[in-house]
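With the hints as extra help, turn the sequences into a complete structure.
Listed below, chain by chain, are the residues.
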Amino acid sequence: MVKFHDRHLGVMMVALGAVIIGLAMALPGPITGAHIAYGPGFFPSLLGVATMLAGVALAIRGPQAAKDGDASDAEAKGRPRFAAPLLVLGSMLAYVYLSDTVGFLPMSMVILVLLLMVGGMRFVSALLLSLATSIAIYLLFSKVLMVPLPRGLLQPWAIWL
Amino acid sequence: MMAHILSAAAELFSPYVMAVILGSAVFGLFIGAIPGLTATMATALLVPITFYMDPVPAVAAMVTASAMAMFAGDIPSALLRMPGTPASAAYTDDAFALTKKGMAHVSLGICLLTSAIGGIFGALVLSLFAPPLASLALKFSSFEYFWLCLLGLTTSAFIMQGSPIKGIISLSLGLFVSTIGIDPVSGVPRFTFGAPSLIGGVSLVPVMIGVFAVAEILRFYAHRNPKLALEQVELKGVFSGQGRILWRERKAIAQGNVLGTLIGIVPGAGADIAAWISYSVAKKFSRKPEEYGRGSEEGLAAAGAANNAAVSGAYIPALVFGIPGDAITAIVIGVLFMKGVNPGPTIFLNNPSTVYGIFMAFLVANLLMIPLGWVAIRCGRVILKARLAILMPVILVFCMVGSFAVDNTVTAVGVALAFGVIGYFMEETGIPIAPFVLGIVLGPLVEQNFLTSMMKSGGSFIAFFDRPIAAGLALVTIIIWLSPLLALFRRRPLLQDNPD
Chain U
20 MVKFHDRHLG
30 VMMVALGAVI
40 IGLAMALPGP
50 ITGAHIAYGP
60 GFFPSLLGVA
70 TMLAGVALAI
80 RGPQAAKDGD
90 ASDAEAKGRP
100 RFAAPLLVLG
110 SMLAYVYLSD
120 TVGFLPMSMV
130 ILVLLLMVGG
140 MRFVSALLLS
150 LATSIAIYLL
160 FSKVLMVPLP
170 RGLLQPWAIW
180 L
Chain H
128 MMAHILSAAA
138 ELFSPYVMAV
148 ILGSAVFGLF
158 IGAIPGLTAT
168 MATALLVPIT
178 FYMDPVPAVA
188 AMVTASAMAM
198 FAGDIPSALL
208 RMPGTPASAA
218 YTDDAFALTK
228 KGMAHVSLGI
238 CLLTSAIGGI
248 FGALVLSLFA
258 PPLASLALKF
268 SSFEYFWLCL
278 LGLTTSAFIM
288 QGSPIKGIIS
298 LSLGLFVSTI
308 GIDPVSGVPR
318 FTFGAPSLIG
328 GVSLVPVMIG
338 VFAVAEILRF
348 YAHRNPKLAL
358 EQVELKGVFS
368 GQGRILWRER
378 KAIAQGNVLG
388 TLIGIVPGAG
398 ADIAAWISYS
408 VAKKFSRKPE
418 EYGRGSEEGL
428 AAAGAANNAA
438 VSGAYIPALV
448 FGIPGDAITA
458 IVIGVLFMKG
468 VNPGPTIFLN
478 NPSTVYGIFM
488 AFLVANLLMI
498 PLGWVAIRCG
508 RVILKARLAI
518 LMPVILVFCM
528 VGSFAVDNTV
538 TAVGVALAFG
548 VIGYFMEETG
558 IPIAPFVLGI
568 VLGPLVEQNF
578 LTSMMKSGGS
588 FIAFFDRPIA
598 AGLALVTIII
608 WLSPLLALFR
618 RRPLLQDNPD
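Just so you know, the protein sequences line up as chains U and H, in that order. So that you can map any letter, position 72 of the first sequence is 91 in our numbering, and since no number is skipped, the others follow by simple counting. So that you can map any letter, position 162 of the second sequence is 289 in our numbering, and since no number is skipped, the others follow by simple counting.
Treat the hints with caution; some may be incorrect.
[Stated by the list, open to error] Within a straight-line C-alpha distance of at most 25 Å, the following computed DMTMM-like cross-link-like pairs (lysine to aspartate or glutamate) qualify:
| # | chain 1 | residue 1 | chain 2 | residue 2 |
| --- | --- | --- | --- | --- |
| 1 | H | LYS415 | H | ASP220 |
| 2 | U | LYS162 | H | GLU418 |
| 3 | H | LYS512 | H | ASP220 |
| 4 | H | LYS378 | H | ASP220 |
| 5 | U | LYS162 | H | ASP534 |
| 6 | H | LYS228 | H | GLU358 |
[To be verified] Away from chain H, derived, C-beta distances all over 12 Å, residues of chain U:
| # | residue |
| --- | --- |
| 7 | TYR57 |
| 8 | LEU108 |
| 9 | SER110 |
| 10 | PHE160 |
| 11 | LEU172 |
| 12 | LEU173 |
| 13 | PRO175 |
| 14 | ALA177 |
| 15 | ILE178 |
| 16 | TRP179 |
| 17 | LEU180 |
Hints were generated in silico from the structure; no laboratory data involved. Cβ coordinates follow ideal geometry from the N, Cα and C atoms, glycine included.
The following block contains the structure:
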């Protein structure tokens, strides 16, 4: 995830504002004969204009001198990493598409083990911790708050859950 | 009125609600004490749990957790030189300098007691001024509401640290997100791209979980985190000698209380700004300004009181007008709406015992802060040993289940994911998050009041300035809009010196 230059950000915002205006224009106009003189696209297109203007201002102004603390902060952080945040995104996406068939407990355990090991934990401790945490979260949401968490693969043993 | 107060007290002091308050207090202290986990995040993570509660315990839980987290943010300031929440950043250097002098217990004692004093002061102002303000607000028309919303959005976009241009970008995008779904005026679905799950609009809870929790998780994994050195210090005697110190710094504390509450009341400005402003005001009028940054007890007392006073003060516009003062109250407003309790002047007519329950929850939470905060300080070193590498995966699973719990669909998990990425991207590019969130919450209110006003006035903008209160609000808003232009003229020579 690249550190964005303010000029690039400005250009992106101009484009985004244009897209918002375009989408807003595509909405139906005000209903003729009604009391409403402004269509559903009126307010969003104002927002599109505001986004574009701010984008232009940002692109013209360019980067500002870093405020105190900012520069050292960026240095301390170093170059961003890609793999670990992508794993977080992948876990969430997988949860969206697979949780219904696989079930909450197995999904949560796999995600936890993976991320804990990325954090430097050994497999056995990660496994034990993920088991304990998953069951605790399951009990809290499923038994106390009555959220129907998917059972998925564990359906045959539903009586035990 | 007495009957409402009594029924609110009966509900608040029931064993169930007390247990909820105690649980959220411990949760808030823990989250706030860990750098990287903020008071706002603590509130956002509580939403899925409070979703199943009545309004009073739900708000009491969030009030308690946010107040506790706000104080607990001072613990790592003193022990790690790292603010636990952004609102502690103003006086981190002072807290740590005192620790270096072997006075960690003194600095944390000041933080704890001034936090409680500030919180209670803000809560008293809230209880005294909210009801009369609400009866005034009943006379407000769409013009006043439009300007009030705009004032809140404007302050959040302009006063935030960083550039107002990025604040405007953040605000416009947040308002745009709020227009997704059926347009209540024309009944036309907007920007849903044919997705049926978007017709009702983007659901607020997964959005909050996304921008405040998932984004932080992504940030944690994207950056190498510096190893922090924990100061090995004695933390006994937190309260010893505090009476004398508090009396000596009474002016600073009073200043922090008043300024903090006032800044909390301004819609759009919250605890972070309150701490910074109160700290610099205290420094400006101090007899010993050279001590600031090197362990000033005065600065600590002023800003420590200010951030907690602002947490309480922010509930005034939230409850009276339905306009959140900061990100935390934006979440609380969202939760109240979901429970069918509409914040705004009518809440005082329709749900008076809920309102009194919230007032009392503030007092209880801030009183409870003193003993529980003492325990947290004594356990500070243990809490700070908790490793983010272990906590973050657990928080992620919690985020997914929490978003799912709102309407039992995985779509909400997808929304949390999407807004997590947006929040991460915004933070990386220096776009502030708060205006975005306020825009999402206030968007429908701004648009409807704007359109209603335009229809009433027949398309003339002059009517927006006709009524005295509306004109006053408009004036303040426009002055804030023009302020960066004025600042630009002043700074021009400086910029020319620096060709970059």
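Status of each hint after checking the structure:
A C-alpha spacing of about 16 Å is found between H/LYS415 and H/ASP220, which places the hinted pair at or below 25 Å, so the restraint holds. For the hint linking U/LYS162 to H/GLU418, the alpha-carbon distance of about 54 Å lies beyond 25 Å, and the restraint is violated. Restraint check for H/LYS512 and H/ASP220: the C-alpha separation of about 21 Å stays at or below 25 Å, so the hint holds. With a C-alpha separation of about 21 Å, the suggested pairing of H/LYS378 with H/ASP220 holds against the 25 Å cut-off.
Annotation: proposed proximity of U/LYS162 to H/ASP534 holds, straight-line Cα distance about 17 Å (limit 25 Å). Proposed proximity of H/LYS228 and H/GLU358 is supported: the alpha carbons are some 11 Å apart, at most 25 Å. Taking the minimum C-beta to C-beta distance to chain H, about 6 Å, the non-interface status of U/TYR57 is violated against the 12 Å cut. Non-interface status of U/LEU108 relative to chain H is broken: a Cβ of that chain comes within 12 Å, the nearest being about 7 Å off.
The claim that U/SER110 is not at the interface with chain H is violated, since a C-beta of that chain comes within 12 Å of its own (minimum 7 Å). Distance check on U/PHE160: its Cβ comes as close as 5 Å (rounded) to a Cβ of chain H, failing to clear the 12 Å threshold; non-interface status is violated. Interface exclusion of U/LEU172 from chain H stands, the closest Cβ pair being 16 Å apart, more than 12 Å. Interface exclusion of U/LEU173 from chain H stands, the closest Cβ pair being 16 Å apart, more than 12 Å.
Interface exclusion of U/PRO175 from chain H stands, the closest Cβ pair being 22 Å apart, more than 12 Å. Even its closest Cβ contact with chain H, about 17 Å, leaves U/ALA177 beyond 12 Å, as expected for a residue assigned away from the interface. The beta carbon of U/ILE178 sits about 22 Å from the closest Cβ of chain H, which is more than 12 Å, so the claim that it is off the interface holds. Distance to chain H confirms U/TRP179 as a non-interface residue, since its nearest Cβ pair spans about 20 Å, more than 12 Å.
Under the 12 Å C-beta cut-off, the non-interface status given to U/LEU180 relative to chain H holds; the minimum distance is some 15 Å.
In this structure, the earlier hints numbered 2, 7, 8, 9 and 10 are contradicted, and the remaining ones agree with it.
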